[in-house]
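Position one of the sequence shown corresponds to residue 1 (the numbering used here), numbered consecutively onward.
Don't read these hints as lab results, they were simulated from the structure.
These numbers come from a predicted model, not from an experiment.
Ideal Cβ positions, reconstructed from N, Cα and C, are used throughout, including at glycine.
Wrong hints could be hidden among the right ones.
With a straight-line Cα cutoff of 25 Å, these simulated SDA-like cross-link-like pairs (lysine to any residue) come out [as the list claims (entries may be wrong)]: (1) Lys128 x Phe205; (2) Lys128 x Leu29; (3) Lys128 x Lys10; (4) Lys128 x Thr21; (5) Lys128 x Arg27; (6) Lys128 x Arg202; (7) Lys10 x Leu29.
Here are the simulated distance ranges between beta carbons [unchecked claim]: (8) Lys10 x Val104: 13 to 21 Å; (9) Gly33 x Tyr184: 20 to 28 Å; (10) Thr279 x Gln24: 27 to 35 Å; (11) Arg17 x Thr98: 54 to 62 Å; (12) Arg17 x Ala114: 42 to 50 Å; (13) Val134 x Val227: 38 to 46 Å.
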Amino acid sequence: MFKDWPSALKTTSAYLRYLITRFQEDRILLYAGYLAYVTLLSLVPLITVIFAAFSLFPVFQEWRGEVEAFVFRNFVPSLGETIQDHLIRFVENASRMTPVGLVVLIVVALMLVASVDHTLNHIWRVRKNRRLVVSFSIYWVVLTLGPVLIGTSLVTTSYLLSLTGFEENTLMVVRNWFWETLPYLGSLLTFLLLYVVVPNTRVHFWSAVSGAVIAALLFEFSKSAFVLYLTHFPVYQAIYGALATIPLLFVWIFVSWMVILIGAQVAASLDGFLEAQRTLETPDTERMPEESTITNENANPRL
């Protein structure tokens, strides 16, 4: 595609214009606000379902506190301890609900995952929905097995580190390096899995990687910027006082969804742009009728 530097600059400029157009057409800000609102409503049910999945495996019980602290410390900057205390109390109250109430919690948690599914398929211009049974199966696996896999990876890594013949200082260095890099790797792998699995179309792997890298970098930058903002511009604390945690949590969730959707838009627009470039480079006699589009509408549904 890139024959020389002028060609590379021209193609890059064309892609950036295409990306901006896709941002405007897909109304990323609107969808980020929508997902932030749904997430705020679904947060307690979602965490309740995740903790219930952990409780099925007694081996993870001793890791539950460490996993909780790790998640809130690295993915909810500056507000982690306060939000963790409130959410844990809410979850404990929810766990004492009747079976009917627990079913309602599960349905609300699935609503969040369904909203994410709808939004990402909208960005990829996919209009053919999965069958209801398939969608429910995917959502259920994500909600139940996801936490178990995370716990398994942490337990396995810790066990392997304990078996090594390293000296204590070396072991501490390795352990500290692992915990410092895990948030970056976790963000990258989570975004990559989200962009590859959720859209009901074939996503080019390297497009998904590009979007995941952009999203992971933006997420780490956003965490630092959010902490800096709270430190130097404590506007919400001055206005809301003890209740400042609620609007601040909503703002952070909104920023997080903005980052996720930006990465998704990068991945989806790369797919569409590269397809358009290949179409332009294909002779008219070899071009198939369906290659004239640069979107993924109804293209190659997987299920």
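Among the hints numbered above, which are violated by the structure, and what are their numbers in rising order? 3, 7, 8, 10, 12
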